[in-house]
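2 protein chains.
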Amino acid sequence: MRASQLYAPTLRETPAEAEVISHQLMLRAGFIRKAAGGIYSYLPLAWRVLRKIENIVREEMDAKGGQELFMPVIQPAEMWMETGRWSVYGDEMFRLKDRHNRDFCLGPTHEEMITTLVRGDVRSYRQLPLRLYQIQNKYRDEIRPRFGLMRGREFIMKDLYSFDKDEAGLDESYDKMYDAYTKIFSRCGLTFRAVEADSGAIGGSGSHEFMVIADSGEAAIVYCPSCEYTANVEKAELHPIIHADEELLPLTITDTPGTKTIAAVSKYLGVAPARTIKTLAYITDGEQLIFALVRGDHEVNEIKLLNKLKCLRIDLATEDVITRITGSTVGYLGPVGVQNSEKVAIVADHSVMNMYNAVCGANQPERHYINVNPKRDFSPFLVADIRLIRENDPCPRCGIKVKTTRGIEVGQVFKLYTKYSKALQATFIDENGIEKPMVMGCYGVGVSRTMAAAIEQNYDENGIIWPVPIAPYQAVVVPVNAKDEAQMSLAEKIYSELNGNSIETVLDDRNERPGVKFKDADLIGYPLRITVGPKALSEGLIEVKIRRTGETSFFKAEDYIGSITQLMSGL
Amino acid sequence: MRASQLYAPTLRETPAEAEVISHQLMLRAGFIRKAAGGIYSYLPLAWRVLRKIENIVREEMDAKGGQELFMPVIQPAEMWMETGRWSVYGDEMFRLKDRHNRDFCLGPTHEEMITTLVRGDVRSYRQLPLRLYQIQNKYRDEIRPRFGLMRGREFIMKDLYSFDKDEAGLDESYDKMYDAYTKIFSRCGLTFRAVEADSGAIGGSGSHEFMVIADSGEAAIVYCPSCEYTANVEKAELHPIIHADEELLPLTITDTPGTKTIAAVSKYLGVAPARTIKTLAYITDGEQLIFALVRGDHEVNEIKLLNKLKCLRIDLATEDVITRITGSTVGYLGPVGVQNSEKVAIVADHSVMNMYNAVCGANQPERHYINVNPKRDFSPFLVADIRLIRENDPCPRCGIKVKTTRGIEVGQVFKLYTKYSKALQATFIDENGIEKPMVMGCYGVGVSRTMAAAIEQNYDENGIIWPVPIAPYQAVVVPVNAKDEAQMSLAEKIYSELNGNSIETVLDDRNERPGVKFKDADLIGYPLRITVGPKALSEGLIEVKIRRTGETSFFKAEDYIGSITQLMSGL
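Heads up: the sequence lines are chains A and B, in that order.
0 is the number of the first residue of the first sequence in numbering that gives the first Met the number 0; add one for each residue after it.
0 is the number of the first residue of the second sequence in numbering that gives the first Met the number 0; add one for each residue after it.
Derived from the structure by calculation, the hints contain no laboratory data.
Check before you lean on any hint, since a few could be wrong.
It does not matter which identical chain is meant; a pair holds if it fits inside one copy or across any two.
Derived lysine-lysine pairs resembling BS3-like cross-links, with alpha carbons at most 30 angstroms apart [stated by the list, open to error]:
1. 534 / 555
2. 307 / 421
3. 96 / 33
4. 164 / 182
For reference, chain A alone in the conformation it holds in the complex (with noise of 0.2 angstroms):
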């Protein structure tokens, strides 16, 4: 391709809308244009990139025994109806109605379609398991659409859905896409984690999110430097700091004015945050106010409580609410004295357990008590991991400090079990003549976030630098001088005999200064950059610059190709 040619129009100003640099680079370097909110035209760079990640993910589908079809996108409300979702999905789900007024919606996911398909043709074990995807525009209707291509509204996913006769079956397909997920982000040049994660709206349990690795990540992520365990914070698992045994002392009120911090209290009575006991007070969607205890220097995981309660909702209370039900007042609130009922009940931290002659409110303004030893002076309803795990806590698995970072979800296995197969009657008959529901999973990849999650953690102030699996094209050859008839000789040999060899290269052919030429070169973020100026010419030797380090190698005329080759595989 010539760069007179290609249809990458670069922008020397960063656009004003871009927040993320996934976004501002893509919109610069000419590789995306805005049609609407979170709505995309994917330029001919853009659509290089991602038909290069389609293709990763199509081989490694295809290797697990997947089957590609290609499923509507415009999906009638009745089998949305017949799961229940079509009311659950809210606002997000784009709907339409047909000129028979007949209820449609633009697919975001598609289990309810591919669960009424296989009903239809699958009756005998015999037909299982099925493992079935395919890769095409996804819709959301996000209140906010921004960051690009990171939260569209249109975008573009792989979906495979897995049909197995029992939980083994599942079991074998979950494993299967775990590991062809792996396969698929590294063959993509990435860094990513493979994490536990809370299976949340979509249903069923057993679940792993895979994150590309990138400080931009709105994804906090946790994990251990010594054994194998990744986990998203929300979702990390802690096991209980023991204490040293104490001699438990009387329990003692003193006062502690202008003290509602845990900062404030450890300061003013010189303990430890450690030493003392942080009570948050919540209200469940069932009116109870809950007052959850963790250790002065943890913080509540609010999504463990929610789980642990198997509740709907919790909030944190206000005060009027607090006041009404325990005379209480925030910044003093504690356990001691207050009895479990149906209007207010303690949940404990494990830790909080292992606590001896702690601090904590007094239910009173100003005061505290001291001396507080957990069993003896409260009694929890619960008691229960519900903190959120911090840098350095020990490894749940190993017990060795744990890593945090952030993390760009980039796909998703699930296990779903039965709960599609059972509300859409897509049954089978087993090997015993009995009729049983299909046993599911399902499996995507966001192929355009993908490509979004790539840029997050390859720039740097020039540009994009594009890993060499997924880059648009492998390497540009710029002519410093495309008038000079020479240059540019050598510069279409090489641009012919790169391609020849199956470097997909660009040649810079355009009638600019050659700063222009670098500039754009770097912006779109070739991974080599083959420069043809006069001393190329008269010393023979042709120099490779590698876009990620900047070095400079000047390879002989005669066997450039070989060493560019070799140079490649190693990026």
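Given chain A, put chain B in place with the hints provided.
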């Protein structure tokens, strides 16, 4: 791929809903399943065919300087309002609102989108020509979707748009696309014709339709067996037929009881239909009554008549209207004595004006004129080519008798000129610094329709007969008895060797009776069937049956791969 794992659920019965053969066979052979009226899932076999067609299309587009991109399916209403098509498209357009109540449509086509895209980034003649294309779902809310994939509401199209600086550039783009389309349908293994087409509602002028020849085609085509002339019958031009000179006899009125039709009056008077004048009465949108005259053995081409009258619509006039305006009766209409006015006007086909001593209705019940001579006895308001071409009419180019056939439109190339670039202000600065609108063309291939058309052209009573280049697999290996170890082992060997030699092969390893497997092989339409039975084992000969001809060959085990490759190259 093993048939035991392949998701291709075949049906023994033809579903009642399927009216045309491609629809019936794709349902029966497990290629598609209906999700809603005109909305289908493409199962793995269909998806393989579609991807092969797509790849052929892609290669030919790229060969002509096409650059692939991918535009949104959901398009904001504003750009459609700028061109006025938001209202023009009517109920055929799927429309929806997002959560913020903004209007969108599901793209039926992308002129507005691509023109808006290009106008934002192209400023100079140096950036032209541009040829940008995509392959994606398109949407049309047909009032009565039918014929399976032939007239769906969600379907796959390739659409390329060309942007040139002048009409000479457009001509070049158009010619390149015409050539690409010829290559595409040839490479798909289809018999087709490029037809001069009426450009219709999409706008512009200068257009060819690419028609796959099939008896079930909805379009009537006329072509010359001698020269290259091919046209849609609606568009085919005709030269006037010249009759030999005759002496003009005196106009005479005569009783012709019970002769409301040309056939009846011909018989009654004993003259050939070619010596009678047929008069049809139309009413225009301007409420003018038109007496359209063609020779008695000809038919009026209403589209030509409409275009010649420059009307928006014409309808056959009701008896009431005719009687009210002319006092005459249907069945006995004629031009003699009719004065052209705002209320009524005569339009005659060229050939009518060359007739001598003809017969026509006398505008009185049960009476005709004989010895009618145009010009002497009546004066048309307009003489024009308004008749429908028939088989054996002289070719308008070379005069040889034309033939007719039927076709399915699978592609269309259009010159749009500046219709959209003017409406959307997509301008550029030319070599002289002058701002001009870009000159555009658009070029579509119905990808999913091509698959259906291929079946309409290639099938027999047993099923589909795929052309090799777009067959989902090229061969199937059928062990007669899957429980026979020696047979299965030979079948496995052949299966693996064929795939190893790039012959895409299915192994029918199902534990089914041979009859079932042969029936499925014919139904699915693999070009070659390799049968492995006891005879193959004992005699060392591989049996290969050609699906299209039913011809069976036996190849020696030592070199059967070469023989099969050779056989396939001739299919």
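Going through the hints against the structure:
1. 534 / 555: Only inside one copy: residue 534 and residue 555 sit 13 angstroms apart there, 62 angstroms across copies, limit 30 angstroms.
2. 307 / 421: within (26 angstroms within a copy, 63 angstroms between copies)
3. 96 / 33: For residue 96 and residue 33, both the intra-copy (26 angstroms) and inter-copy (18 angstroms) Cα distances are at most 30 angstroms.
4. 164 / 182: within (26 angstroms within a copy, 47 angstroms between copies)
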